[in-house]
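Visitor: Since the structure of chain A is provided, determine the placement of chain B on it from the hints.
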Amino acid sequence: MSRARTPLLALAALAAAGSAWAAGGDVGEAAKQSTNWIAISMFTAFVVATLGITKWAAGRTKSASDFYTAGGGISGFQNGLAIAGDYMSAASFLGISASVMASGYDGLIYSIGFLVGWPILTFLLAERLRNLGKFTFADVAGYRFAQAPFRAFAASGTLVVVAFYLIAQMVGAGQLIKLLFGLDYWIAVVLVGALMMIYVLFGGMTATTWVQIIKACLLLAGVTFMGFVVMSQYGFSPERLFAEGVRVRTEIASHNPAIADPAKAGLAIMGPGGFIKDPISAISFGMALMFGTLGLPHILMRFFTVPDAKEARKSVFWATTWIGYFYILIFIIGFGAITLVLTNPEFADTATGVIHGGAGTANMAAVLVAKAVGGNVFYGFISAVAFATILAVVAGLTLSGASAVSHDLYATVFKHGNADSASELKVSRITTLALGVVAVLLGIAFERQNIAFMVSLAFAVAASANFPVLLLSVLWKDCTTKGAVIGGFLGLISSVGLTIVSPSVWEATLGYPKGSAWFPYTSPALFSMAIGFGGVWLFSILDRSGQAAKERAAFPAQQVRSETGLGASKASGH
Amino acid sequence: MSDPAVERIQRHPKYQELRRKRNSLGWTLTILMLVVYYGYIALIAFDKEFLAKPLGAGVTTIGIPIGMAVIVFSVIVTGLYVRRANGEFDALTRDILKDATK
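If you read the sequences in order, they're chains A and B. At position 244 of the first sequence (counting the first as 1) the number is 285 in the working numbering, and the numbers step up by one without a gap. At position 52 of the second sequence (counting the first as 1) the number is 658 in the working numbering, and the numbers step up by one without a gap.
None of these hints come from the bench; they were simulated from the model. This structure is a prediction, so every number in the text was calculated from the model and none was measured.
Partner residues are not named here, just some residues of chain B that face chain A (Cβ under 10 Å, in silico):
| hint | residue |
| --- | --- |
| 1 | Q616 |
| 2 | T636 |
| 3 | I647 |
| 4 | E655 |
Below, simulated SDA-like cross-link-like pairs (lysine to any residue); rule was C-alpha separation at most 20 Å, straight line:
| hint | chain 1 | residue 1 | chain 2 | residue 2 |
| --- | --- | --- | --- | --- |
| 5 | B | K654 | A | A304 |
| 6 | A | K518 | A | L607 |
| 7 | A | K318 | B | L649 |
| 8 | A | K305 | B | I668 |
| 9 | A | K175 | A | G458 |
| 10 | A | K518 | B | V612 |
| 11 | B | K659 | A | R281 |
| 12 | B | K627 | A | L607 |
| 13 | B | K654 | B | P671 |
| 14 | B | K654 | A | P320 |
Ideal Cβ positions, reconstructed from N, Cα and C, are used throughout, including at glycine.
Chain A with its partners taken away, still in its complex shape (with noise of 0.2 Å):
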């Protein structure tokens, strides 16, 4: 890339870094728009029916496994779109097309990251998760390990990761629904709040899962039908969608005079470009993206409401297919968003190639382009499923997290393993309100907060701690608690510090000036992944102990359970 047109190029490539962890919510400072009723009144229309089947579920929600896993008679069809439910994120529905906008080609790089975790998860996880857990991923990674100080690290990764993720969501939601429905960002955040505590108080994961079954099928309705009308304005033909994509880019540039080849910047949405700016951070990032997506808590937990291994299966299958469908729509919305939306006067300053509204509206791509191919009820209904969108994840998130006090700290570490159903169940539901009004506090605290890292945290964490302990533990014979705990937190201090001294937090959101980071790539994942494996290796192979030798004599017993089932939970039978 040449020096002359790096300035824009680069603030192009921030934004799109940016703007693809939406969810993440670097929505920037949104303007408050008008009263959008249309969209009020069809996300109304979802929230009746959500709480309706919350009411539904909450008279099936009777003992903890009804809570934490819907008595573990969800079917592998149904899980796999309550996965894809839970991971299509808005930063993957409205971060991502913002990307494909404003750099094109990028945009697709982030999605392959975000799939290419679920085949291995598939190869090496699924069926072993399913076959040793009960509740959460601790059950599996923890089975013949000293309970208490397992425990007390596998909530901590699981409470890191979802705090980050939640907040990032919530300050996502704020900006967003003062974007999309005019409402105040503190109301917006409140009512997101109020809506996942009931769904989960009450409705625990049947509630929970079936929230996100139906946002699944709309999200996916939604992008079909959007990606389909994109597509027939081009005669179904993606060379004549890039083409037009490229001569739009083509006019924006030429109206920079910053730009000294405007016809070689519209070409480069068709490669990729500088968000990625050197080989360590691509790979780096590639591998928080992929192995993240093995770590997350509150996606593993999915694995724990189907009957058996073959239906654990079939939905990692389905979830995979789902999403990378998905993937390849929000690619086509994309470039839809640049000759359609850009193009449009209405919607942009066609010019520049900004969107109206000021910062954070580049978010609004994908919720334009319904605008534009299906008319102010198709705008409201696309908006609708943008906030259901995130209602469904945050409930996904809250209830991993209120699992892992409730189950890990609470009845394992403290009662010993003793607490009752009743009593762990009160202990989940005093979490879940807990969890809602700190998640509600912190997401109105940092409203005007750069939190662009924060989804990037969240997946480096899962990658470096919750990752190696669990794959280490469940395939590996010498792997003990010394080494998993002592490894894990290891694993999840470099991921948190690396970020923190990263130009993405120690610059944007801490103020320090440029080139001061003293860690210089993107992501923290190549390194603190070799922390959290090298840890666990290390301090499992110097653990001479009794308790060490009693863990490793009890590996064969527990890869036979994780590889037959035999003795795995069963279905709790309603």
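Guide: Just chain B now, with coordinates in the frame of chain A:
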């Protein structure tokens, strides 16, 4: 932990067969997936120009079909594994469990 069923399973010839087949399929596909994805990432890291080369006379670049292929490949290998595991591997598992727990 001294469940007699565990020992019976460990000695069961079909359990050895299951482990051998599943490990070889699971790890082969894992390595394949890692090679495909990090091959793609390596192209982005070291040879952006290659991905930005136009395919034929239009604007579509080589990077587009390659990126789409990575997505489709991920779905297909997942499907391959799930199909074989839910058929052949589950049948073996059923036999093993039947013999071990009777």
